[in-house]
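**Q** Now for the letters of each chain:
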Amino acid sequence: MNASRILEGRPVAEALQALPRLFSICGVAQASAGVAACEDAHGIAAIAAERARRRILVTAETVQEHARRLLLDWPKLFLDAPPKLDELAAIHRCLTVVVRALGGRIWQGEAGTTPPVLDLSVAGEQLQQLDAALAHAFFGMAGADWLQIRDGEALRQWYRRTMTVAARTLRAVEDGFLATLGRSSIGTLPPIAAGAFSAILDADATDRFSVRPEWNRNACETGSLARQGGHRLIVDLQRWHGNGLMTRLTARLTELASLPRRMRRYLRVLQGASSALPFRSRGGVPEAQSGIGIVETARGRLVHRVRLCNGMVERYRIVAPTEWNFHPDGPLVRGILGLPVSSVQDLQRYVAMLVVALDPCVAHEVIVEPARAEEL
Amino acid sequence: MCLAIPARIVQILDDDKALVDVGGVHNEISLGLVDDVGVGDYVIVHVGYAIARLDADDADRTLALFAQMVSQHEEQSGEIH
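Chains as they are written, first to last, in the numbering used here: chain A, 235 to 610; chain B, 45 to 125.
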């Protein structure tokens with residue numbers, strides 16, 4: 235059963251309220267995709283300022299999710315060290331204020347609801363605080379300066395002289411000869427037109443695509459590496475390590491360093507907004523009351539497809555990024571195949587590293603079992 | 045998919061930890077990322093950490109959704125994903 239089916243048969247407003255409750259780990263992105271899909275089905279679109287407001291909220295969640303992985307999982311897995319709760323709390327405080335200053339929630343209620351009162355100056359101040367918190371926790375310098383690192387050798391110089399968890403993790407990856415761990419030939423998820431996704435999901439009567447998504451019959455990787463593949467540092471690392479551990483972890487860092495600047499760009503759109511109305515009509519009621527919402531989340535691309543009938547949700551499908559990355563022939567499985575196995579403990583550790591590098595949205599445990607005779 | 049069932053705090057432990065109840069199953073979690081929570085409060089748990097506090101009304105509505113999902117699941121074959 236696809237969990238999104240619980241939304242079917244409900245009024246649209248009820249379904250949109252339920253979304254962030256059900257999928258609370260990335261609830262902002264889920265709400266954003268759901269609202270976009272329902273607006274699309276209604277033939278309306280959010281104005282640029284409202285889109286910018288939502289993008290800041292989704293980006294704040296992405297920063298939060300990346301920070302959790304880097305400060306909770308990386309110390310434990312790569313450094314055998316306790317989590318950095320104080321640093322995570324400092325980042326969380328900044329993001330909480332930014333989100334509150336921008337209305338708090340993605341969906342503000344049905345048409346006619348009073349738009350949220352925004353405090354853009356508070357949001358701007360907190361983004362500066364966020365820069366400082368990220369510099370302290372990860373980069374040892376301003377994120378914008380860190381993004382000037384152009385190649386693997388400059389990165390190496392940085393992680394050899396810096397004492398943050400991020401730098402020490404990359405150092406541990408190099409020292410442990412783990413830079414190419416999980417390397418495979420799997421491609422990254424390309425940009426796909428909304429219409430193409432819609433057609434696939436509408437024809438997917440058995441939910442196969444929602445559970446095991448493929449593009450052109452190939453499993454694909456989505457997430458930071460797919461988005462950061464054009465960054466010159468990531469291009470250089472891929473030359474040496476392919477999509478192995480060093481490249482994947484560094485892609486998370488290049489993305490994290492770039493996110494405050496992106497949030498400020500969206501904030502400028504909000505500051506220049508003149509209309510208080512959050513929506514504009516695209517003209518006329520669409521023939522088919524179907525809509526799609528596509529959002530890039532911390533873990534990758536999230537797609538919601540909805541079909542409405544008389545104000546009720548008739549069909550709802552979600553394709554979550556974890557389904558791409560943990561596909562039976564996807565980046566995790568392909569990365570595991572061929573891993574060196576010197577001991578069960580090493581294998582468990584390597585697989586755990588690959589899982590954390592791909593970051594599933596659910597708790598996980600790695601269990602190694604000997605193959606049965608008939609499987610050999 | 046990123047489902048997270050609200051967990052009810054049943055006991056505060058040492059070292060900023062707590063025992064929570066999720067559908068009758070008790071787990072030990074860390075409270076290091078949330079402030080001002082006590083016995084009876086609901087939290088969202090992710091990989092062993094409480095990451096957000098829920099008010100009682102929100103928790104009730106969320107638990108009702110999950111209960112509906114379980115009964116829907118029992119009526120159909122397959123598994124929740």
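Incorrect hints may appear among the rest.
Here chain B is said to cover these stretches of chain A; the calculated rule only asks that three of the stretch's residues, wherever they fall, bring their Cβ under 8 Å from a Cβ of chain B [what the hints assert, rightly or not]:
id	region
1	250-258
2	314-327
Once the Cα atoms are required to be at most 20 Å apart in a straight line, the calculated SDA-like pairs of lysine to any residue come out as [unchecked claim]:
id	chain 1	residue 1	chain 2	residue 2
3	A	318	A	350
4	A	318	B	111
5	A	310	B	84
6	B	61	A	320
7	B	61	B	71
Cβ pair distances, simulated, as ranges [stated by the list, open to error]:
id	chain 1	residue 1	chain 2	residue 2	range
8	B	67	A	387	34 to 44 Å
9	B	100	A	248	33 to 43 Å
10	B	59	A	314	17 to 27 Å
11	B	57	A	406	50 to 60 Å
12	A	350	B	100	47 to 57 Å
Everything labelled a hint here was simulated from the structure, so no lab data went into it. Remember, it's a predicted structure, so these values are computed and weren't measured experimentally. The beta carbon of each residue, even a glycine, is placed where N, CA and C say it ideally should be.
**Q** Run every hint past the structure and note whether it holds.
**A** Consistency of the hints with the structure:
1. Chain B is given as covering the region 250-258 of chain A, and this holds because 5 residues of the stretch bring a CB closer than 8 Å to a CB of that chain, at least three being needed.
2. With 5 residues having a beta carbon nearer than 8 Å to a beta carbon of chain B, the region 314-327 of chain A meets the requirement of three or more and the stated coverage holds.
3. Simply put, residue 318 of chain A and residue 350 of chain A have alpha-carbon atoms about 34 Å apart, too far for the 20 Å limit, and the pair is violated.
4. Straight-line distance between C-alpha atoms of residue 318 of chain A and residue 111 of chain B comes to about 35 Å, which puts the hinted pair past the 20 Å bound.
5. Using a Cα cut-off of 20 Å, the hinted pair residue 310 of chain A and residue 84 of chain B is violated, with the two alpha carbons roughly 30 Å apart.
6. Annotation: proposed proximity of residue 61 of chain B to residue 320 of chain A holds, straight-line Cα distance about 16 Å (limit 20 Å).
7. The straight-line distance between the Cα atoms of residue 61 of chain B and residue 71 of chain B is roughly 10 Å, inside the 20 Å bound, and the hint therefore holds.
8. Checked against the hint of 34 to 44 Å, the C-beta distance between residue 67 of chain B and residue 387 of chain A comes to roughly 52 Å, which is inconsistent with it.
9. The supplied range of 33 to 43 Å is broken by residue 100 of chain B and residue 248 of chain A, whose beta-carbon atoms lie about 20 Å from each other.
10. The supplied range of 17 to 27 Å is met by residue 59 of chain B and residue 314 of chain A, whose beta-carbon atoms lie about 19 Å from each other.
11. A C-beta distance of roughly 31 Å is found between residue 57 of chain B and residue 406 of chain A, which places it outside the suggested range of 50 to 60 Å.
12. Hint check: residue 350 of chain A to residue 100 of chain B, Cβ distance near 24 Å, so the stated range 47 to 57 Å is violated.
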